[in-house]
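6 protein chains.
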Amino acid sequence: MSHPFEEFRKKRQQGNEKLIDTKNLVTKRFISLDKQAYSDGALPVETKELMALTASMVLRCNDCIDYHLETTVKLGFSREQIDEAIGIAMLVGGSIVIPHARHAAESLDFLFEEKANSSN
Amino acid sequence: MSHPFEEFRKKRQQGNEKLIDTKNLVTKRFISLDKQAYSDGALPVETKELMALTASMVLRCNDCIDYHLETTVKLGFSREQIDEAIGIAMLVGGSIVIPHARHAAESLDFLFEEKANSSN
Amino acid sequence: MSHPFEEFRKKRQQGNEKLIDTKNLVTKRFISLDKQAYSDGALPVETKELMALTASMVLRCNDCIDYHLETTVKLGFSREQIDEAIGIAMLVGGSIVIPHARHAAESLDFLFEEKANSSN
Amino acid sequence: MSHPFEEFRKKRQQGNEKLIDTKNLVTKRFISLDKQAYSDGALPVETKELMALTASMVLRCNDCIDYHLETTVKLGFSREQIDEAIGIAMLVGGSIVIPHARHAAESLDFLFEEKANSSN
Amino acid sequence: MSHPFEEFRKKRQQGNEKLIDTKNLVTKRFISLDKQAYSDGALPVETKELMALTASMVLRCNDCIDYHLETTVKLGFSREQIDEAIGIAMLVGGSIVIPHARHAAESLDFLFEEKANSSN
Amino acid sequence: MSHPFEEFRKKRQQGNEKLIDTKNLVTKRFISLDKQAYSDGALPVETKELMALTASMVLRCNDCIDYHLETTVKLGFSREQIDEAIGIAMLVGGSIVIPHARHAAESLDFLFEEKANSSN
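Residue numbers (the UniProt record's numbering), protein chains in the order written: chain A, 1 to 120; chain B, 1 to 120; chain C, 1 to 120; chain D, 1 to 120; chain E, 1 to 120; chain F, 1 to 120.
Any given hint might turn out to be false.
Identical copies carry no separate label here, and so any pair may be met within one copy or between two of them.
With a cut-off of at most 20 Å between alpha-carbon atoms, the simulated PhoX-like pairs for lysine-lysine come out as follows [claimed, not checked]:
hint: 1; residue 1: Lys35; residue 2: Lys23
hint: 2; residue 1: Lys115; residue 2: Lys35
hint: 3; residue 1: Lys10; residue 2: Lys74
hint: 4; residue 1: Lys115; residue 2: Lys28
hint: 5; residue 1: Lys18; residue 2: Lys115
hint: 6; residue 1: Lys74; residue 2: Lys28
hint: 7; residue 1: Lys10; residue 2: Lys23
hint: 8; residue 1: Lys35; residue 2: Lys11
hint: 9; residue 1: Lys115; residue 2: Lys10
These are calculated hints, taken from the structure and not from any lab test.
The shape of chain A in the complex, shown without the other chains (with noise of 0.2 Å):
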């Protein structure tokens, strides 16, 4: 059985397929815009990032936190860094945010062992 991780990753592939396939001309502009805030301007990429999982823990959308741990991981952040993260949005979102937190744990447990092997 496959991690629920990799779950969200399949289904996450899927239902982006689908929603691209719109023919609605506002959803495809949004979603174009999405992909290009993401990259290096006055402020770098790395930034940018935190900010957008930080935002997603406060609004408690897991999707959206499992997407940015994924970039913030892959960025080469540490687990360290990334905690840090995880307590200033818990912070500032409340005790609420802790299910979230846990949710993050668990991800980046993935997350980090599946960069262990694969750098191996």
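Given the structure of chain A, go ahead and fit chains B, C, D, E and F onto it with the hints provided.
Below, chains B, C, D, E and F without anything else, positioned relative to chain A:
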């Protein structure tokens, strides 16, 4: 194995039965008011359902989204029209709504296929 | 002394000028997309405005409410119709929406009086 | 010049009159249900008011906070007890609740001073 | 197969162990503060738990709801009392809370059955 | 007449004094934790402030936005960099964030003018 949307329907039905079973008058009256509200008045029920769908999306409640998708499909809205409503919701509610738009796309595939089959 | 709604209009206008003045492409494109979205498509602009009004109420944003009230009055919706939209928003969003419904009632008094005067 | 809390009371009163003036049945019934809900039942009205105060704080609605502060002071809760409720709300809702806790502290100063004066 | 509530308990326990395992001081202190907060003070712990349950419902967090339902049942509240708290939460938070009230009803069935069995 | 931002500063200062004046330990510890959190750790304080600004925008809290704008300007971020953070927040949080972006633009005009004057 049944489709996730059919699971949602069954679970929703069971949950509603449990909920209505309460002796609590506030809950009973609230649910009764909720039923009365979605009927023709100064505005047609179709418009009210689209409004409720948009609200469900920006408040990011998948069960609410699924319920109002089911109703809007039943009322005769086309996929293109519902996709346009989803586009507005995404714009108002932001990229945090995207996972719910993915969910909606999957539910709509099911609902329109079911409709096509039933009209054969 | 001017009416609070006129103050809102002036402040909104000034704020928008400042906002558009940015060199930030994401903001520029987002605001441009926001303008395109409210036009006739598969759904008429009237329906989209009511959807945006409902979303603004359940997300409890007075400036957004005032803007969409202005537009819905301009598009020809009656007080009774807009009040019905507000009723749906209150039901979906709960009693926490009541202060915003009070605000909306005050804005609507102003907008319909203004409309009556201008058509004389 | 009157205290901000007195302004709130006047504005709330005026707004409620406008709101109840609607012919919209959903709004009328919702507001009537809202009045019935805060009375003794399986739980005493005191507990319900503290619950509503907490909900108002985590949903960050100053008008709702002020209303429930007024009621909890009237019901006889001490400053220490209400401050404890505010502490729980801050913990659940996070640092984003702090500005509303500042607002509540100001309202409570007014309400307890008013109570002290009226009982002389 | 175990009941969904038992799955929640197991998953929550595992997640908390992962979470506390962090070296991040903000998270550690936040979670420690969260534990201290729910004890008798100017207000009894019972009232605080009902407040937290209401907050969890209007913020629509099922894991938080389940946790506070478990505690309120353990503290001796009756089904009728907890149902009344749920009614208040639905009124404050709106129909968007209904799916969470359905979830709560299912959890309460489990918790009260478990309690009945354990006291035999 | 003083600028709205100066009014905010004065009101915030007064409110904080009232708030800290409480004997409630949960509030005291929460506010103390909030102060400790924004310091250099695994992530630099600059990044944490941008994260908190983004969170404040998507949660739509003007007082929180103003506070973190003041800090980010003091820490040396350029207007272009802060505008980019605002763009990300708008994208994540949706058009409902626009009124807060207008507010932020006005505050930034004040803060950068103040900085220019003080460095002369």
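Each hint, compared with the structure:
1. Lys35 <-> Lys23: both (18 Å within a copy, 18 Å between copies)
2. Lys115 <-> Lys35: Close neither inside one copy (24 Å) nor across copies (34 Å); limit 20 Å.
3. Lys10 <-> Lys74: within (18 Å within a copy, 30 Å between copies)
4. Lys115 <-> Lys28: neither (32 Å within a copy, 26 Å between copies)
5. Lys18 <-> Lys115: between (29 Å within a copy, 19 Å between copies)
6. Lys74 <-> Lys28: Neither, since 26 Å and 26 Å both go past 20 Å.
7. Lys10 <-> Lys23: neither (23 Å within a copy, 32 Å between copies)
8. Lys35 <-> Lys11: within (19 Å within a copy, 32 Å between copies)
9. Lys115 <-> Lys10: Cα proximity of Lys115 and Lys10: one copy only (18 Å, versus 27 Å across).
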